[in-house]
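Take a look at the letters that make up each chain.
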Amino acid sequence: MAPPILSLALPSETGRVLSIQSHTVQGYVGNKSAVFPLQLLGYDVDPVNSVQFSNHTGYPTFKGQVLNGQQLWELIEGLEANDLLYYTHLLTGYIGSVSFLDTVLEVVKKLRSVNPNLVYVCDPVMGDEGKLYVPQDLVSVYRQKVVPVASMLTPNQFEAELLSGCRIESEADGWEACNALHDVGPSKVVITSINIDGNLLLIGSHQKAKGQPPEQFKISIPRIPAYFTGTGDLMTALLLGWSNKYPDNLDKAAELAVSSLQVPVIFVICELAYLVKLTRPSGDLI
Amino acid sequence: MSRPHLRIFPENYSVPLSSSRQSNNSSRRLSPFAHSSSVKSPVISFCVSGRPRRLSGPKKLRMAPPILSLALPSETGRVLSIQSHTVQGYVGNKSAVFPLQLLGYDVDPVNSVQFSNHTGYPTFKGQVLNGQQLWELIEGLEANDLLYYTHLLTGYIGSVSFLDTVLEVVKKLRSVNPNLVYVCDPVMGDEGKLYVPQDLVSVYRQKVVPVASMLTPNQFEAELLSGCRIESEADGWEACNALHDVGPSKGQPPEQFKISIPRIPAYFTGTGDLMTALLLGWSNKYPDNLDKAAELAVSSLQALLQRTVKDYIAAGFDPQTSSLEIRLIQSQDDIRNPQPIFKATRFC
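Residue numbers (the working numbering), protein chains in the order written: chain G, 1 to 286; chain F, 1001 to 1348.
FYI, nobody ran anything at the bench for these hints, they're computed from the structure.
Just so it is clear, CB atoms sit at the ideal spot from N, CA and C, and this is done for glycine as well.
One or more hints might be untrue.
As the list claims (entries may be wrong) - With beta-carbon atoms standing in for the labels, derived distance ranges:
1) F/Asn1337 to G/Ser97: 43 to 53 Å
2) F/Gly1227 to G/Asp102: 55 to 65 Å
3) F/Pro1210 to G/Ser97: 44 to 54 Å
4) G/Tyr246 to F/Glu1233: 50 to 60 Å
5) F/Ser1161 to G/Ser99: 26 to 36 Å
6) G/Lys110 to F/Glu1233: 51 to 61 Å
7) F/Asp1164 to G/Asp102: 37 to 47 Å
8) F/Asn1337 to G/Asp248: 28 to 38 Å
9) F/Arg1307 to G/Gly211: 44 to 54 Å
Isolated chain G, as found in the complex (with noise of 0.2 Å):
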């Protein structure tokens, strides 16, 4: 039946995404890295912003407000009282307590009542290079009861680590990683960079059927000696963008997330090389 206003009666060529990340009102990390590239898609994106910010925590000092799983649980309780609950994404990052991510778990389970197709991409950030930068008690959270109701999972080498109980040293163990993963629950999985010996690999893979063997891939990704923030995020949505578009091409979706991504990437280390120039006080280039 059609709601009063007609929102949902307009078929979406591409999908509809509620996207639960942090919000920063200056720079590009969580919803502002991961909405602007999904509208670019074609989706029509509704963000929660589960934190607003002056900026992202890499600089000296932010401040700002942060929202609580209540006030999460309140926006939702809004959607459904004007039936606007039909999703066919979910997408999550950066969580930083126990309580918003039980909230979230509501949430999945609710919008699947709604829409029981709804994909859940889930970006489970704890952590890098063996380091956790979430408090610890999300971790059995994230892996006894986030990874079983995800559809897509986006872990770096660290947190794949983590929530398969696999040490990954090698291609191999990163399969098996992978492997590890689709028995929990996901049937889509993604590690993002993986470090082995000196060079950086994604490694997707694709259980099309539970039982089956899972198709896999990997991409070699060139170093690039600089550091960036928000480019997580992007990447999560790039692949929540692109798999869709290629449902049954995980590999090919990859590919564009990849290559996207290089780009802006690249364009930034120019524009940084140029800028260099441009200040070296004695006129000599470098």
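Since chain G is already given, all that's left is putting chain F on it; use the hints.
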């Protein structure tokens, strides 16, 4: 400081919300064609006026902070946009930010509220930012040397205290960049009815208009701010002149023009916010040709509205039976590359 540029919208573009609505409403609604009592002509004129400006000089960049976000020059601009955020739907920042990003701007949104959906629905839930929390965000940006903006954009504001804080933001941003362009949509009401608290009107009139670089009121708001009744095109030009006078006077008569727009028999939400964002976007690209900027903005919006109506009809719905969510994502090509179908007529 440049004088305010004005946009006056045709009356068919907005109606007041019914009195049962909450006062903190962030959406604008359109009236159906059928409500017009005297059908003069099938089109409505809308008049715009702008004083010619000198081309600005090269932009100066601040010294690089530890993180070089500001060091990278923007070919377009950096916009601080203080508007509402709704999870679902396209009003406020949901309506303004994506188009500006499509036009190549870096946009930093401050979300003055976060609601589940806009207040035109039977219910809504969410949280509201107060002036103090807004200021905290500005302080956070300041502490990191992140307050260099080329533009400030504001739309619906629900309280005097928040509006007063916005005035402080204007001052603060201009202390960092004296050339900041403040594009102000003075959202107060429509068709004779206020939908903000009464005391905002004098704050807009006495404090905000004098510091705005560009003003985009509808007919009712232009009347409230200029003190002129607008019942003809000539009245429209007069209201513009009165508003120019509130800023520093240079004595030169403004360049004025109008664009005729077809009535579309449907309700929409978010179009006012979208229009102001498009006017910011295009007028910055054509700083000495407000008429050309307005042509592009109007043409984008019209294409989007036509697509919206068409899509609803194709899905089997009668567009006149309820309010329509605009097809913003589906119209992105029209926003990026509008066909300038709607032409301005200059008024010498």
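Consistency of the hints with the structure:
no.	hint	in the structure
1	F/Asn1337 to G/Ser97: 43 to 53 Å	holds, 44 Å
2	F/Gly1227 to G/Asp102: 55 to 65 Å	holds, 56 Å
3	F/Pro1210 to G/Ser97: 44 to 54 Å	holds, 46 Å
4	G/Tyr246 to F/Glu1233: 50 to 60 Å	holds, 55 Å
5	F/Ser1161 to G/Ser99: 26 to 36 Å	holds, 31 Å
6	G/Lys110 to F/Glu1233: 51 to 61 Å	holds, 53 Å
7	F/Asp1164 to G/Asp102: 37 to 47 Å	holds, 39 Å
8	F/Asn1337 to G/Asp248: 28 to 38 Å	holds, 33 Å
9	F/Arg1307 to G/Gly211: 44 to 54 Å	holds, 46 Å
The structure meets every hint from the earlier list without exception.
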